[in-house]
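Could you build all of it, start to finish, from the sequences and the hints given here?
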Amino acid sequence: MVSFMDVINRALTGPYYSEKDYNLKVFVPKLREIVQKYEIKSNPKAVIPSDDDLADRVFKAGVELYANVGTYCVDTQRIIQFTEAEIREALATAPSAPIFGEGKEAKALVARKPESNIPPWCFLGACGAAVSSEEIFESIMQGYGEISFADSITAPSLATLNGTPVQAGSPLEILACIKSVVLTRDGLRKAGRPGLPVMNSIATAVSDAGKIAGSQFGLRPSDGWLIGPMAEMKVNYERLNEIAYVTSLGGHIVVDASPMLGGYCGGPEGAAVTNVAYHIQAILVFRGSCHASFPIHLRTSCSTDRGTLWIISVSTQGIARNSHFPLLDISIMGAGPETEMEFYENAACVIGAVVSGSAGVESPGGAKNAVIDHLSPMISKWTAEVAHAAIGMKRTKANEIVNVLLLKYENNLDKPPEGKRYQDCYNIKTLEPSKEYRTLYVEAKKELTDYGLKFKY
Amino acid sequence: MGKEAIFENLFNAIVGISEERVKKAANELVKGKIDPLEGIEKGLSKGMEVIGERFEKLEIYLPELIMAGDVFNSAMEILEPEILARGKSVAKKGTIVIGTAKGDIHEIGKDIVAMLLKTAGFEVHNIGKDVPTPTFLQEAEKAKADIIGVSALLTTTLLGQKNLIDLLRETGISLW
Ligand code: B12
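Chains A and B are the protein sequences, given in the same order.
The opening residue of the first sequence carries number 1 in the working numbering; numbering runs sequentially from there.
The opening residue of the second sequence carries number 458 in the working numbering; numbering runs sequentially from there.
Some hints could be false.
Partial pick of chain A residues on the chain B-facing surface, computed with a CB cut under 10 Å [said to hold, decoys possible]: (1) N23; (2) R32; (3) V74.
These aren't lab readings, by the way, just hints derived from the structure by calculation.
Backbone N, C-alpha and C define an ideal beta-carbon position, used for all residues, glycine too.
Right, here's the structure in full:
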């Protein structure tokens with residue numbers, strides 16, 4: 001495979017374009033041409049399509065797109081290009097079963113096929129959403145660690161240090177990154193699972209310096225460093241710096257990428273094809289051990305509307321059928337903790353991902369991950385239970401269920417209920433959810449059982 | 458060609474995102490000695506309103522929005538000298554300095570806002586991303602801005618907004 005040194009060289013010597021020209025003269029027209037060429041068309045009723053040929057066309061289109069548009073480096077304003085032969089080699093030799101975690105928690109993350117019977121990997125936690133204090137951070141980490149289905153953890157970001165708001169890019173960010181790692185490990189130790197891998201490294205880190213400095217205080221090569229491109233198909237030196245560090249350490253890189261419906265990708269078709277291009281970019285430029293994908297809708301900033309669910313399903317199917325490089329799917333919900341809608345939105349996304357052949361699912365915070373303290377272990381537990389209950393389900397069945405769920409919440413996506421703060425729907429010392437939250441959970445589980453989900457307990 | 462027809466052509470060129478057509482219509486307007494300010498109001502801005510509504514409903518996407526903004530700007534390049542020649546100026550709704558807070562490189566939303574404000578008649582100074590707090594103030598003073606817009610998408614960069622307000626209070630500078 002093309003080496004990382006080669007990638008850096010190409011970032012320094014590739015074709016020169018202004019960022020705007022790359023967006024509008026390279027990426028957009030090529031994507032549109034390819035979407036037409038491969039006759040890719042979404043269908044708002046078939047949110048979880050069962051069309052293997054469509055999935056394969058989306059994959060082929062993504063390969064062709066990446067061979068044409070490459071990755072734009074914003075610092076050098078040059079395109080890092082790869083030939084189709086180099087892309088094929090990368091896909092053939094990409095990691096296939098990276099092992100994350102330590103001791104009894106060590107486990108291989110493996111790719112799955114659509115409708116597979118293999119249990120999906122459960123990457124549970126905050127998805128980087130922010131918490132307001134060290135106390136809440138540690139409490140919620142313990143809560144995540146206590147979820148039996150958890151295969152790995154996604155930690156929150158820490159918004160204050162000793163009560164002082166942490167400003168990104170300042171020395172406080174470095175200190176908060178260090179503290180985040182310590183609290184992450186402490187929380188997991190309290191949960192009795194110190195070996196659980198943390199697969200989003202340090203969400204508090206906005207800068208490369210924060211991520212690298214914080215790493216020294218308790219991250220292990222068997223954890224995952226979350227490093228992602230910029231929308232769409234771009235990278236900068238900060239991220240390349242992180243990649244240089246983690247590859248030299250022998251650590252895992254988890255590449256998160258978020259094609260935006262309504263943005264430069266255009267409609268769902270373009271975003272699905274771009275998601276495949278991100279998959280390849282994750283191998284070649286980001287040197288990933290796996291790809292974590294979260295397509296979102298430009299206006300709602302969620303991944304639970306019809307269009308985005310289709311993007312997730314069709315691109316996951318295309319990738320699952322044609323690549324062994326593991327893909328995780330993340331759901332970003334509009335609704336927050338202790339709302340009915342949170343359960344429905346999350347289930348729609350998770351069911352779609354699991355039957356489409358995602359290697360695993362990452363649980364989100366809630367309230368678009370954008371409202372402080374609006375996260376809970378409950379929804380992560382739910383993600384995992386739904387994921388396991390959807391194992392082996394047919395895509396046609398999943399499509400029926402997801403359509404029922406969509407009708408329950410899609411009209412509220414413009415103004416979803418924010419829900420409650422963790423400390424208002426949980427006892428943060430005993431880690432008990434409120435009675436109301438528990439009731440909502442029990443009812444949601446019953447309802448989804450009626451729809452045909454086979455919960456493990 | 459009558460002025461109504463020219464306004465209509467300006468409108469259609471924006472909605473149809475055609476630089477060629479907008480330039481043609483703008484040149485016709487200048488040749489016909491029609492008030493360019495009226496052309497902006499009844500043609501270009503109306504067209505941008507429709508573009509904005511379509512984008513809101515995602516009937517069109519970000520590339521179209523940006524391209525429509527570029528089409529608007531290329532018409533303005535033709536109309537502005539004519540406005541000045543008539544001893545007038547484009548009625549400005551205000552001057553705004555806009556950027557993304559220090560530490561934050563999210564800019565898609567900020568750029569959309571900047572573009573829409575510009576086509577809605579504001580003088581916009583888009584000072585980019587990862588902008589230190591004092592720079593907002595300095596740029597605002599330079600531009601004699603009425604408004605400063607600080608975009609921040611991260612919890613840890615929201616502080617950039619508060620910091621700017623604090624700095625404005627501290628320095629006694631009042632923009633609004
Ligand atoms: C795209 C994106 C990125 C891209 C940005 C690309 C770019 N060139 O802008 C990239 C990949 C670089 C990125 C990086 C990161 N991101 Co980001 N990103 C997003 C995402 C998915 C969408 C943002 C977006 O563009 N939306 C579309 C636009 C149209 O909407 P908008 O920005 O909200 O803008 C609208 C309004 O807010 C408003 N508006 C915006 N600015 C202004 C200014 C003024 C003056 C006014 C009046 C209005 C206004 O008008 C706009 C039009 O409607 C959000 C998810 C989300 N839920 O929003 C995460 C999100 C904001 N990112 C997040 C994070 C954590 C990060 C990283 C720290 C990840 C990491 N660990 O590396 C880095 C930080 C990098 C940095 N230094 O800033 C988190 C923030 C969590 C939090 N609460 O702090 C979010 C919520 C994702 C998540 N985890 O769920 N991100």
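Quick one: which hint numbers does this structure break? Sort them smallest to largest. Violated hints: none at all, because every hint is consistent with the structure.
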